[in-house]
Amino acid sequence: MTQVNTTSYKTIKLWKISERDKRPEGYNLKEEDGRYRDPTTVTTLRVPVFRPMDLMVEASPRRIFANAHTYHINSISINSDYETYLSADDLRINLWHLEITDRSFNIVDIKPANMEELTEVITAAEFHPNSCNTFVYSSSKGTIRLCDMRASALCDRHSKLFEEPEDPSNRSFFSEIISSISDVKFSHSGRYMMTRDYLSVKIWDLNMENRPVETYQVHEYLRSKLCSLYENDCIFDKFECCWNGSDSVVMTGSYNNFFRMFDRNTKRDITLEASRENNKPRTVLKPRKVCASGKRKKDEISVDSLDFNKKILHTAWHPKENIIAVATTNNLYIFQDKVN
Amino acid sequence: MECALDAQSLISISLRKIHSSRTQRGGIKLHKNLLVSYVLRNARQLYLSERYAELYRRQQQQQQQQPPHHQHQHLAYAAPGMPASAADFGPLQLGGGGDAEAREPAARHQLHQLHQLHQLHLQQQLHQHQHPAPRGCAAAAAAGAPAGGAGALSELPGCAALQPPHGAPHRGQPLEPLQPGPAPLPLPLPPPAPAALCPRDPRAPAACSAPSAPPGAAPPAAAASPPASPAPASSPGFYRGAYPTPSDFGLHCSSQTTVLDLDTHVVTTVENGYLHQDCCASAHCPCCGQGAPGPGLASAAGCKRKYYPGQEEEEDDEEDAGELGAEPPGGAPFAPCKRARFEDFCPDSSPDASNISNLISIFGSGFSGLVSRQPDSSEQPPPLNGQLCAKQALASLGAWTRAIVAF
Chain A
1 MTQVNTTSYK TIKLWKISER DKRPEGYNLK EEDGRYRDPT TVTTLRVPVF
51 RPMDLMVEAS PRRIFANAHT YHINSISINS DYETYLSADD LRINLWHLEI
101 TDRSFNIVDI KPANMEELTE VITAAEFHPN SCNTFVYSSS KGTIRLCDMR
151 ASALCDRHSK LFEEPEDPSN RSFFSEIISS ISDVKFSHSG RYMMTRDYLS
201 VKIWDLNMEN RPVETYQVHE YLRSKLCSLY ENDCIFDKFE CCWNGSDSVV
251 MTGSYNNFFR MFDRNTKRDI TLEASRENNK PRTVLKPRKV CASGKRKKDE
301 ISVDSLDFNK KILHTAWHPK ENIIAVATTN NLYIFQDKVN
Chain B
1 MECALDAQSL ISISLRKIHS SRTQRGGIKL HKNLLVSYVL RNARQLYLSE
51 RYAELYRRQQ QQQQQQPPHH QHQHLAYAAP GMPASAADFG PLQLGGGGDA
101 EAREPAARHQ LHQLHQLHQL HLQQQLHQHQ HPAPRGCAAA AAAGAPAGGA
151 GALSELPGCA ALQPPHGAPH RGQPLEPLQP GPAPLPLPLP PPAPAALCPR
201 DPRAPAACSA PSAPPGAAPP AAAASPPASP APASSPGFYR GAYPTPSDFG
251 LHCSSQTTVL DLDTHVVTTV ENGYLHQDCC ASAHCPCCGQ GAPGPGLASA
301 AGCKRKYYPG QEEEEDDEED AGELGAEPPG GAPFAPCKRA RFEDFCPDSS
351 PDASNISNLI SIFGSGFSGL VSRQPDSSEQ PPPLNGQLCA KQALASLGAW
401 TRAIVAF
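Residue numbers (UniProt numbering), protein chains in the order written: chain A, 1 to 340; chain B, 1 to 407.
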């Protein structure tokens, strides 16, 4: 049985997800279809037994945490104590107890007294995997703040501020948009965290605040297309990112149903495509390549042929195995490592 | 690097996005609108800088025809109200040596107006930096975000992006003194020079580059340099003090923003969100010595917010903060809308969600308001569409910058 928190704009629900592959048969008072039998017709007693059935996955809501957020919720993160969790919207972060649905604590509030002074919003938040008092939240300005809940009830003052100075040579109309962080994820070890902005993935060492230790370009060829991407709203897409179990590889999505993996040790990267053509089981995915400009080699795809309606925003990596889940607009793909 | 979209179409697109977000399901997306507002501000700054460059180029061409022969005797440096740092700026040396004033009267008038904007914005910039500077993008902070104020003359990050390749912005690099004649622009980019007009806020965060430095192409407009950089012999700088400072105009009605309509070259002074001519024409304008603010404002008097929130910083500095200015009688069709907005802005009276809706509603109805309020608009108010709204919106500088950033 697993528990999953979901959120839809402003309400949070806790679901129980379970699999069922057996069902009891042979009730005394009920027919197999569920109708009750007339007790007077029962002449013998029997013990119901479990019989196999087709696997069924059930999700049932167990808790509803409502009315604590004024703005759209962008993150929920369960604490390592498995008792509390946080939820973050554009301006506030609340701390909940999983068992208590009617109240929460506000632990971060960046709403200015005068809304006209608003310059940034919270874009993502996550608890530290090991320290139950520590969490981070990212902002639309490309900064990450690490907070310690032991310091004060309202964590408006950060313990650490992670920020990389902007490269002035890359300045454009859209600099603010592409520096907005769409996702932040701690490594499993808890020593690093990864942030995703529009064009890149950055790995930060929690001990170093002034710049990331690694930066990977996801689709740098889009930098010259920012105008068009702004027009068609793609520039506002919020991509997620994830670590593999050993924190050696990070993965994130892109357009044209491409997703990218970066090996932190070998510094190699690969682009793969989640598409129905490759849907047959055991088909090994072929690496893809985008040609930014100039002559297009065979099997390369040019930037202008990319389908920006096909985007992979959500990816997940099994915490122990090399199994990944990749979500396109309408399909969920599950891939696993080549079985040798 | 950037696509062919010019600043103006980018502004239209951005306005359309904000407008359409009002009607989308799920409520207003605060984050998206905030980002769009940044694009809007960047594009607007670039657009305005282009216009200023054009203006100065024209001044230069006119100036060449007559030999400059006098210094301004009425130079008034560092007005009493001006922060000390303003004294860092030396007088502007336009090409031809020392005469910041064009000979041609109309041009002189325009420069005069522009200077008002300079000074006003400089004040706002410096006041803004007395408040905690927003974190994050240093360039945004340098651009005076969220204090747009007069807006136009803040740092131009957009300019930096559009510098000619050989003109990558560098801090501390002295600008070339202004050369007479139009500057050759090798690239199909807007002239970078107007960035030079940007008042270089000495307190800008160190990380902020100086996009106001366009080395290479000789800027057709005024040359300026960051105070930190050594001034070349021709002592470029902002021509602060060449004209009476805003404080000399008498900051009545608490605070004012002077806006220059670049299309019609009309200067309108907005007093706390009201047009000066409306304000003083009103029987209620205290500065004109006539009684208390009108009743329309009384309900909003408790609210510190104003219709044109760009007044924010100046407002904080004013002694008579209660004097929120007079209600304009002139904009009769406009006043009711504005009154409603003031009330809506009162933080106590409405929940957060409706505050945001109201901010957005500024853009929805605000532009039609801008259109109808420009007294010298040649056309009748055009329909509310992106293109024309953008033009009108651009014409009134700074007034709505902060409202945008509020997203």
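Hints are computed from structural coordinates only; laboratory data are not their basis. Heads up, the beta-carbon is just placed ideally off N, CA and C, and yes, glycines get one too. Check each hint, because a few of them may be wrong.
What the hints assert, rightly or not - Some, not all, of what chain A presents toward chain B, calculated at C-beta under 8 angstroms:
(1) PHE173
(2) MET208
(3) ASN210
(4) GLU231
(5) CYS234
To be verified - If you anchor each label on the Cβ, the simulated ranges turn out as follows:
(6) A/GLN217 / B/ARG25: 33 to 41 angstroms
(7) A/ASP299 / B/ARG25: 37 to 45 angstroms
(8) A/ALA113 / B/ARG25: 28 to 36 angstroms
(9) A/ASP156 / B/GLY26: 22 to 30 angstroms
Going through the earlier hints one by one, which of them does the structure break, listed in rising order? 2, 3 and 5
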